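Novice: Knowing the structure of chain A, use the given hints to seat chain B with the ligands on it.
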Amino acid sequence: MILIHSGAVVAVDMLGQNYVLLSVWVESIPRFSPGQFMMVRLSEGYDPLLLRPFSILDAHEGVYRFLIKVVGKGTRAVRGFRYGRKVLLTGPFGNGFPGAARHGTIIVAGGAGIASVFSLVQRLHERGIAYELLYGARTEAELVLSDLLRPYDPIISTDDGSRGHYGRLTDVLAKRIKGKKAVFACGPLPMLAAVADLSLRHTIECYVSIEARMACGFGVCLGCTIIDGAGNTRRVCRDGPVFNARDIVLPGVC
Amino acid sequence: MTLKNPIIGASGTFGYGIEYEKFFPLESIGGFVTKGLSLRPRNGNPAPRIREVPCGLINSIGLENIGIDAFVRHVLPRLEGADTAVIVNIFGSTVDEYVELAGKLDRFRRIDGIELNISCPNVKAGGAEFGKDPLVVRSVTAKVREATDKTLIVKLSPMVTSIADIALAAQDAGADAVSIANTYPAAAFDLRSGRPFLGAKTGGLSGPAIKPLTLKLVYDTYGRIGIPIIGVGGVTTVEDVVEYALAGANAVQVGTASFINPGTADMLVRELAQYLAGRGIRRFSSLVGTAKK
Ligand SMILES: Cc1cc2nc3c(=O)[nH]c(=O)nc-3n(C[C@H](O)[C@H](O)[C@H](O)COP(=O)(O)OP(=O)(O)OC[C@H]3O[C@@H](n4cnc5c(N)ncnc54)[C@H](O)[C@@H]3O)c2cc1C
Ligand SMILES: Cc1cc2nc3c(=O)[nH]c(=O)nc-3n(C[C@H](O)[C@H](O)[C@H](O)COP(=O)(O)O)c2cc1C
Ligand code: FES
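Chains as they are written, first to last, in our numbering: chain A, 1387 to 1640; chain B, 325 to 617.
Excised from the complex, chain A in its bound form (with noise of 0.2 Å):
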């Protein structure tokens, strides 16, 4: 499998004042799993020097796309980017949600967090698998996918009540948790092990996809290294970057 890509930029949309839809054409799409990311390169010369690490919104027909939420420099250079820059793209890496095609799976997705989970939401979707999606953010100007998600009827949730239901993501998912197979979340950190708790109090398997710095994407750096719940090292480039919930240590989650 191709694993290193020069693609080109063939669309790129600005979803609010602080999301960018990025489309980049490569030429072969190598298959992958909803959860998994590639790692892009944002720059030209060595400012910044890394690729950065994103989830893989979709995949069709040669063209990747990527939510971007513009947060400091490399992400910055995306809102500038024209049809037919070249990029350079690594991956597909990480190990993706597993067993998704269980009826009675709960996702619930955080802000950006709707990046990682949404090609399996489209997934569940084809394949007529019952599931329930969540996606809450603190106000509606941060629920840029609304649009693209309307096909897979979503249950919103804003912080500040200026979209669907008024509260946390997890007020929402407390009311609905019981009776579900599986939950699989991605969002900030606080707001996943809040989803963690409250999944392994219902003893429902919770899977979580979480972010770490990362230098290169394929487990070589050893940048990315977290210590799960029995002392051992994990990379989350590599053994993740989703991870059962009970296998790690999310702040306030016992």
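Be careful, since some hints might not be right.
Here are the computed lysine to aspartate or glutamate pairs in the EDC-like style, where the Cα-Cα straight-line distance is at most 16 Å [said to hold, decoys possible]: (1) B/K467 / B/E424; (2) A/K1567 / A/E1591; (3) A/K1459 / B/E424; (4) A/K1459 / B/D514; (5) B/K467 / B/D430; (6) A/K1459 / A/E1413.
Computed, partial: chain B to chain A, Cβ under 7 Å [to be verified]: (7) G339; (8) E388; (9) G587.
Worth flagging that the hints you see were computed from the coordinates, not collected in a lab. None of these values were measured; they are calculated from a predicted model. Glycine residues also receive a C-beta, built at the ideal position from the N, C-alpha and C atoms.
Specialist: Chain B with the ligands in isolation, oriented as in the chain A frame:
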């Protein structure tokens, strides 16, 4: 040990070699150096362990590794078929540990060389402390030399008063080559928190930012020693490889550049061949040290 070409994957950036098989056939490069191995597995430093700065990377991995026994048992057999030089980077917190590590590796045919890491800025005991004093370098190298017949490479710290004196000490003690150099101690602070970015507070700087510094160290050492110099610091393009040769390096190691593109080392082998052919240069070795002549 003879290398088929002068491009080597650098320790800590090339895993245990097998991780790169999915990017290119290992036999295309001259060799690679494993992640630094210690007698027992190590968990390394707290996160975050990496911080980017313009043109450079500060890491504070802290020599996380699987330990020498797991390496020889599980990894080494998988390298049996790869026609490339396997160099094992070792790290101890006492001289005896270095000797024990070298002794353990000596019986494995598949291992072509041992690189002594006496220059890691990210550990408290051993590491760079061993690399600062020519007398200490001489004694560590000499004791390891007795424990192994493998090609012995000593990896030097850049943070010394006279790198050539340290290199001489390694040569006198029986080293077959020196790698110049490891990362440079570095720090970066977060204005928002007012604290260091790295969990370990400080780390080591690598990448294009350090190339001119390390080139100078190679240049200073060339001519002062008779054994080969391996240049390591910021090598990213074929021009960098040639520059290191001009300064006096017989081979180079590619580190951080493999993070930018995991195919870098393989690409450099091909581009170097083209570069030399395009200029009618028959042998890479004819370039070595020419800037000093
Ligand atoms: C497996 C994985 C998948 C990801 N998927 C997506 C995605 O689909 N969409 C998306 O918008 N972002 C995603 N991220 C986060 C994204 O990689 C970072 O936001 C990006 O690297 C920031 O680059 P920058 O140069 O703009 O920021 P920098 O200038 O490097 O840093 C700016 C800020 O971003 C934070 N940051 C930087 N790197 C990371 C990182 N690796 N993880 C978390 N925070 C970071 C820093 O704390 C800092 O405050 C993912 C991260 C990982 C590890
Ligand atoms: C993430 C990382 C881990 C490293 N680990 C080791 C190590 O275990 N042993 C060692 O001798 N050098 C280690 N190094 C240093 C490199 O081998 C090399 O000397 C240094 O990075 C300079 O080369 P570069 O600029 O090409 O990266 C490490 C470097 C990096 C970036
Ligand atoms: S990012 Fe390099 S090991 Fe995970």
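Novice: Run every hint past the structure and note whether it holds.
Specialist: Tested hints:
{"no.": "1", "hint": "B/K467 / B/E424", "in the structure": "10 Å, holds"}
{"no.": "2", "hint": "A/K1567 / A/E1591", "in the structure": "7 Å, holds"}
{"no.": "3", "hint": "A/K1459 / B/E424", "in the structure": "46 Å, violated"}
{"no.": "4", "hint": "A/K1459 / B/D514", "in the structure": "15 Å, holds"}
{"no.": "5", "hint": "B/K467 / B/D430", "in the structure": "14 Å, holds"}
{"no.": "6", "hint": "A/K1459 / A/E1413", "in the structure": "28 Å, violated"}
{"no.": "7", "hint": "G339", "in the structure": "4 Å, holds"}
{"no.": "8", "hint": "E388", "in the structure": "5 Å, holds"}
{"no.": "9", "hint": "G587", "in the structure": "5 Å, holds"}
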